[in-house]
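Protein sequences, first through last, are from chains V, Y, W and A.
Take 1 as the starting number for the first sequence in the numbering used here and just add one per residue.
Take 1001 as the starting number for the second sequence in the numbering used here and just add one per residue.
Take 2001 as the starting number for the third sequence in the numbering used here and just add one per residue.
Take 3001 as the starting number for the fourth sequence in the numbering used here and just add one per residue.
By construction, these hints were calculated from the structure, which means they are not laboratory data.
If you're wondering where the values come from, they're calculated on a predicted model, not measured in any experiment.
The beta carbon of each residue, even a glycine, is placed where N, CA and C say it ideally should be.
Possibly wrong hints are sitting among the right ones.
Some chain Y residues flagged as far from chain A (calculated, every beta-carbon gap over 10 Å) [as the list claims (entries may be wrong)]:
{"hint": "1", "residue": "ASP1006"}
{"hint": "2", "residue": "LEU1009"}
{"hint": "3", "residue": "ARG1024"}
{"hint": "4", "residue": "HIS1054"}
{"hint": "5", "residue": "ASP1056"}
{"hint": "6", "residue": "PRO1120"}
{"hint": "7", "residue": "LEU1128"}
{"hint": "8", "residue": "GLN1132"}
{"hint": "9", "residue": "GLY1151"}
{"hint": "10", "residue": "CYS1188"}
{"hint": "11", "residue": "GLU1215"}
{"hint": "12", "residue": "GLY1227"}
{"hint": "13", "residue": "GLU1272"}
{"hint": "14", "residue": "ASP1297"}
{"hint": "15", "residue": "LYS1304"}
Stretches of chain W that chain V covers, calculated by requiring three or more beta carbons in the stretch to come under 8 Å of a beta carbon on chain V [said to hold, decoys possible]:
{"hint": "16", "region": "2083–2092"}
{"hint": "17", "region": "2218–2231"}
{"hint": "18", "region": "2324–2334"}
Straight-line Cα separation of at most 25 Å, SDA-like style, residue types lysine to any residue; simulated pairs [said to hold, decoys possible]:
{"hint": "19", "chain 1": "A", "residue 1": "LYS3337", "chain 2": "W", "residue 2": "ASP2292"}
{"hint": "20", "chain 1": "W", "residue 1": "LYS2337", "chain 2": "A", "residue 2": "ALA3290"}
{"hint": "21", "chain 1": "A", "residue 1": "LYS3289", "chain 2": "W", "residue 2": "SER2293"}
{"hint": "22", "chain 1": "A", "residue 1": "LYS3295", "chain 2": "W", "residue 2": "LYS2118"}
{"hint": "23", "chain 1": "V", "residue 1": "LYS107", "chain 2": "W", "residue 2": "GLY2084"}
{"hint": "24", "chain 1": "W", "residue 1": "LYS2337", "chain 2": "W", "residue 2": "ALA2323"}
{"hint": "25", "chain 1": "W", "residue 1": "LYS2327", "chain 2": "Y", "residue 2": "LEU1314"}
{"hint": "26", "chain 1": "Y", "residue 1": "LYS1107", "chain 2": "Y", "residue 2": "THR1010"}
{"hint": "27", "chain 1": "Y", "residue 1": "LYS1302", "chain 2": "Y", "residue 2": "ARG1013"}
{"hint": "28", "chain 1": "W", "residue 1": "LYS2118", "chain 2": "V", "residue 2": "TYR322"}
{"hint": "29", "chain 1": "W", "residue 1": "LYS2053", "chain 2": "V", "residue 2": "GLN132"}
Below are the chains, spelled out letter by letter.
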Amino acid sequence: MQLSRDDLLTAYRIMRTIREFEERLHVEFATGDIPGFVHLYAGEEASGVGVCMHLDDRDRIASTHRGHGHCIAKGCDVDGMMAEIYGRRDGLCAGKGGSMHIADLDKGMMGANGIVGGGPPLICGAGLAAKQLGTGGVAIAFVGDGGSNQGTTFESLNLASVWNLPCIFVIENNGYAESTSSKWSIACDDAADRASGFNMPGVVVDGHDFFAVHEAAGEAIKRAREGAGPSLLECKLNRYYGHFEGDAQTYRGQDEVKKLRESRDCLALFRENVTSAGLLEGAELDAIDREALAQIDGAVTKAKTAPPPTAADLLTDVYVTY
Amino acid sequence: MQLSRDDLLTAYRIMRTIREFEERLHVEFATGDIPGFVHLYAGEEASGVGVCMHLDDRDRIASTHRGHGHCIAKGCDVDGMMAEIYGRRDGLCAGKGGSMHIADLDKGMMGANGIVGGGPPLICGAGLAAKQLGTGGVAIAFVGDGGSNQGTTFESLNLASVWNLPCIFVIENNGYAESTSSKWSIACDDAADRASGFNMPGVVVDGHDFFAVHEAAGEAIKRAREGAGPSLLECKLNRYYGHFEGDAQTYRGQDEVKKLRESRDCLALFRENVTSAGLLEGAELDAIDREALAQIDGAVTKAKTAPPPTAADLLTDVYVTY
Amino acid sequence: MARTATYQQAINEALAQEMERDETVIVMGEDVAGGLGTDGERDAWGGPLGITKGLYGKYGDRVMDTPISESAFIGAAVGAATAGLRPVAELMFIDFMGVCFDQIFNQAAKFRYMFGGKAETPVVIRTMYGAGLRAAAQHSQCLYPVFTHIPGLKVVTPATPYDAKGLLIQAIRDNDPVIFCEHKALYTLEGDVPEEPYALPFGEANIVREGDDVSIVTLGRMVHVATEAADALSGDGIECEVVDLRTTSPMDEDTILETVENTGRLVVLDEAHPRCNMATDIAAMVCEKAFDSLKGPIKQVTAPHTPVPFADTLEDLYIPDAAAVQKAVKAVMESSK
Amino acid sequence: MARTATYQQAINEALAQEMERDETVIVMGEDVAGGLGTDGERDAWGGPLGITKGLYGKYGDRVMDTPISESAFIGAAVGAATAGLRPVAELMFIDFMGVCFDQIFNQAAKFRYMFGGKAETPVVIRTMYGAGLRAAAQHSQCLYPVFTHIPGLKVVTPATPYDAKGLLIQAIRDNDPVIFCEHKALYTLEGDVPEEPYALPFGEANIVREGDDVSIVTLGRMVHVATEAADALSGDGIECEVVDLRTTSPMDEDTILETVENTGRLVVLDEAHPRCNMATDIAAMVCEKAFDSLKGPIKQVTAPHTPVPFADTLEDLYIPDAAAVQKAVKAVMESSK
Ligand SMILES: Cc1ncc(C[n+]2csc(CCOP(=O)(O)OP(=O)(O)O)c2C)c(N)n1
Ligand SMILES: Cc1ncc(C[n+]2csc(CCOP(=O)(O)OP(=O)(O)O)c2C)c(N)n1
Ligand SMILES: [Mg+2]
Ligand SMILES: [Mg+2]
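Chain V on its own, in the form it takes in the complex (with noise of 0.2 Å):
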């Protein structure tokens, strides 16, 4: 898959801008000023990003409790976004999902997930009515070390071979399900060794690199959109902060995210890879880190003042009608 210069621009653009925005929240959430439970995708960009680029408005994905990354890969409005983590009137969901709700049905977005392992049977949905309409389109799980040995997981993999569907399922093992480590809790060396038992293709790759998980990633999502089934892809990477917000991160490796940080960041090893190939040049990028850094700011200034929901809010949207 040929990635353009407009590609490759755009590709940076998203990982820099989920970024922007998860450092920022980090910041922010020290303030006191956001509710509830925030999981942060710093560092994982690469995977988002990589498989994301592949998809249109035919295609849906499902996401996790870690999912602000998947959501700007998918083309979630990032004003909304921020609004929405706010708890404000004007937010993607209304101020009625929070963090670990956030969907957009209209970008094929079909919502973060507050219960692990809740995405891949809606994604064989999502498979199986594209395959059903003839749409072409592909639908994606993201799937976290943890996530992947949910019973939910498994039975999704299976039904997606079996019916045949167009489903992709991206397992982000990023080391760690809460505190509990993945090489403890997955009992077989990589979770993509599973996929065989699912007659579906299964391959590792270095999530910390985006042209890496793009390419596997294009080829499972071709093979899904040319009727050859579903694929898993086990992208390894790594979370920059703790399993939420407020996480002290005492089972983690004192200074383990700081040399990733300076040796694994996958925006330093994308710069590195298309500025040393010429292919774009590091004052472009200056200008996209720029411009993230704006539109993230303008979007916290415009949630922070944005007007809440009100008592009349309370009660709509349970049903279409009842």
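Starting from the known structure of chain V, arrange chains Y, W and A with the ligands on it as the hints suggest.
Leaving out everything else, chains Y, W and A with the ligands in the frame of chain V:
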């Protein structure tokens, strides 16, 4: 694992008892006297008996809706079982459970189960208890091909592996889940192929062949007793009757069962094997056949005339205290 | 002359007619076609009780067998419902909800609210419930109170073939997730069922029998038990009004309140486990909203607080019967002013 | 002077003391130790909220982390309970019941009955429930009415640190399956908690406050809301009796009936979704068994029939508060004779 003459006689006796039990239920069910759903194990005896011959009272099994064979193989009282199936007060479960819930915890039989995939998690618990209490016991879940696709089963495979439990998962693949072919419903070739995804040995055996099952189960059980962790054993076999009594089996080839009975009957194969090797004599086996017939005859006669539970029994046995 | 059909036929016909009308309607579940991929006949089964028989022959790939993976396929139905299909998924027995409830109550039921009103999830989950077939503790429960508890779900419990057809058609056309509960002991019940498609609105209870002395509010199979009791009581000079809820969510509070305002006496009859069930739900609502009309205590007639027993003797004692209802009605008559 | 501790410390202490007393008590759940098998410290976490902190250090392998596989590990706890252990399994949030309910309601709850009285299943499932932390629709539900509906389960909902410790010790010693529901907004609540182990019996409600005008029957966090309302109402000359159920199954009907017989007026207060919940359960019971004592309608105060909203403005409106209770109490005063 060497089988003594006594072992061989015992194995045959148990298999024959199960067969007689089930064949007779088939006949009796048709009379309308037996309430509810009855799922017969006829044809699959070599599996349950091949596995359970290794077990003693420290060990536990969990069964499925097709549980009679496992119960008998694990030592449940045949009269008590028959009375239970007839809904009698002196049935093994006081008439409250019926065919789908026969259990005898004292014998290590944790219950047939009306929920497909209900047993494997329970068996993880029995294995855990054996491990924590140091009893040396093992715990075995029998699962159908259909049940092998249930999320609970997948999760249990992983949990047993992660916790290194003395558990064995025996998948009795009889080709169908109700009317659904296992070739269709299990995405990979053999359910046993999935074992590697849970870092455990996975073996396929001919489930009509008592000796093959016995040997493979023996190895898995030895491994478990030695603390080396769980295994998966897939027995390929067939059921002689419908999914439940009353099933017209229109999804099944016309003389599929007839051919199986002629060529792959586990009792006939056993007989041929032991008599041709000069280990047992036909007459001994004939005697067992007669005894089994008489035993089941007695059980049915007793069950038919036994008193049912009464109003006083309705509200008891819900709690230990309340 | 009106055409008669069984409850089972009515359900089958509703499915067929809606599949005919709307290409986006699909049916899925374990063996709903039956024998897919086997060497035997296709469409042999139509499910263990034959409810979906014939659909695969007519609608082919829109009738989909599934592995025994309820979370995955119920969830797939939910997901597909947000993506342009109108799936009707079969959860073979309602008792199996325990392996797939999350996709129903945390996903389907909550999408619309969590997503700020921007989702529609027109999924129907058909499921078989109730005691009476000697199917024991794991295949005989009612459990509709659990679904009724959940905001975002609609819950339907038809008592007659006529209602089964009309409510199922409505369920399929409805844009919210619907739990469609079929009582297994009613499948063979016959009744008038018009051949043409028709939809019955949700939230409109049915006054099955009129009477001025005592109201019996009930649902599902118990409607027939109530009617039987009412007929017997009529001989004793007590006239009962029998109200069939038809749907427990939404629930037709107006009809319930009206009948109680008329009779002043209420028996709530529910086959479900007694705690936090429809009987308590209705009684509490009436005790809040029509207290002044009440001439005496509201009596609940329900199953006891035990699992469903297997033995026929016990199961017959377990299920509320007309005698129990008669007794309750008489008690209500006696204890009222 | 009495020792004070938080609700969270009380729970931790109950676990530690029972593990000390009885070797067969084990604890399992996601991250209950925390960091098993990682390179970081062992026992670092004690769960995301630190409730089980310190246990792994003391009891090692009897505190078991699990993969995110609730069906398997809750089922394992259930199976182990029939085989000589007394497991305490943690279902991190009660909202996750949807992925593992079968092992709870069809297995644990029914073994004893289905097996003719020959099984004991002394398992405890600890779980966190309730709104107030801006945790949105899938992490804020109450759902104890669903468990209360199921025969064979016991359901415990402590409102204070004292009760949390005593009821958890009872739960662990109890020979039936117990769902132990911890309100997440109460973890930091402080109160008197004796250091020595003690068990509080199930099915004994607690009269938290005496009063002759209106009874408020409630549970869990709402006990504090009721008390707050009662204190305010006292200023208006209305004296409320506040009854804390402590356990919803078994439920102490006698205490409820007594208070209603005394006051003649009842408000039932429940944080749960309004349909088929504890409010309806209690109201219906009273309306059947103490109707003649009632001076007027029984008022229900509950959450509305919506999922739990995220935004703080909405969640604050969603959760029943003292003002709502006061209003209900006044309404009950006015509408009673
Ligand atoms: C069914 C369910 N079980 C448990 C949880 C609590 N929980 C939320 S996130 C999480 C860890 C998830 O780990 P992983 O899948 O690896 O994703 P990551 O957080 O690493 O992105 C857990 C246990 C949940 N939300 N849902
Ligand atoms: C959770 C659940 N889903 C569905 C069923 C209905 N059901 C009972 S047995 C069965 C087929 C089981 O097939 P398999 O596991 O292969 O066992 P077999 O009947 O062949 O022995 C089905 C679908 C059930 N009892 N439980
Ligand atoms: Mg992870
Ligand atoms: Mg099978």
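Here is what the structure says about each hint:
1. ASP1006: Since the minimum Cβ distance to chain A is about 29 Å, ASP1006/Y lies beyond 10 Å and the statement holds.
2. LEU1009: holds, 30 Å
3. ARG1024: About 23 Å separates ARG1024/Y from the closest Cβ of chain A, which puts it past 10 Å; holds.
4. HIS1054: holds, 18 Å
5. ASP1056: Since the minimum Cβ distance to chain A is about 15 Å, ASP1056/Y lies beyond 10 Å and the statement holds.
6. PRO1120: At about 7 Å from chain A, PRO1120/Y fails to clear the 10 Å cut-off, so the statement is violated.
7. LEU1128: violated, 5 Å
8. GLN1132: violated, 6 Å
9. GLY1151: Since the minimum Cβ distance to chain A is about 6 Å, GLY1151/Y lies within 10 Å and the statement is violated.
10. CYS1188: holds, 21 Å
11. GLU1215: At about 27 Å from chain A, GLU1215/Y clears the 10 Å cut-off, so the statement holds.
12. GLY1227: Check passes; 13 Å lies beyond 10 Å.
13. GLU1272: holds, 39 Å
14. ASP1297: At roughly 25 Å from the nearest Cβ of chain A, ASP1297/Y sits farther out than 10 Å, so the non-interface label holds.
15. LYS1304: LYS1304/Y clear of chain A: closest Cβ-Cβ about 19 Å, beyond 10 Å.
16. 2083–2092: holds (count 4)
17. 2218–2231: violated (count 0)
18. 2324–2334: violated (count 0)
19. LYS3337/A to ASP2292/W: Holds - the C-alpha atoms of ASP2292/W and LYS3337/A are around 10 Å apart, at most 25 Å.
20. LYS2337/W to ALA3290/A: holds, 15 Å
21. LYS3289/A to SER2293/W: OK: LYS3289/A and SER2293/W at ~18 Å, within 25 Å.
22. LYS3295/A to LYS2118/W: violated, 46 Å
23. LYS107/V to GLY2084/W: Within the cut-off at roughly 14 Å; holds.
24. LYS2337/W to ALA2323/W: Roughly 23 Å between the alpha carbons, so the hint for LYS2337/W and ALA2323/W holds.
25. LYS2327/W to LEU1314/Y: The given pair, whose Cα atoms are some 19 Å apart, holds under the 25 Å limit.
26. LYS1107/Y to THR1010/Y: Distance ~17 Å between LYS1107/Y and THR1010/Y Cα, so the pair holds.
27. LYS1302/Y to ARG1013/Y: holds, 21 Å
28. LYS2118/W to TYR322/V: holds, 16 Å
29. LYS2053/W to GLN132/V: This hinted pair holds, its Cα atoms lying about 22 Å apart.
In terms of the numbered hints stated before, the structure departs from hints 6, 7, 8, 9, 17, 18 and 22, listed from lowest to highest.
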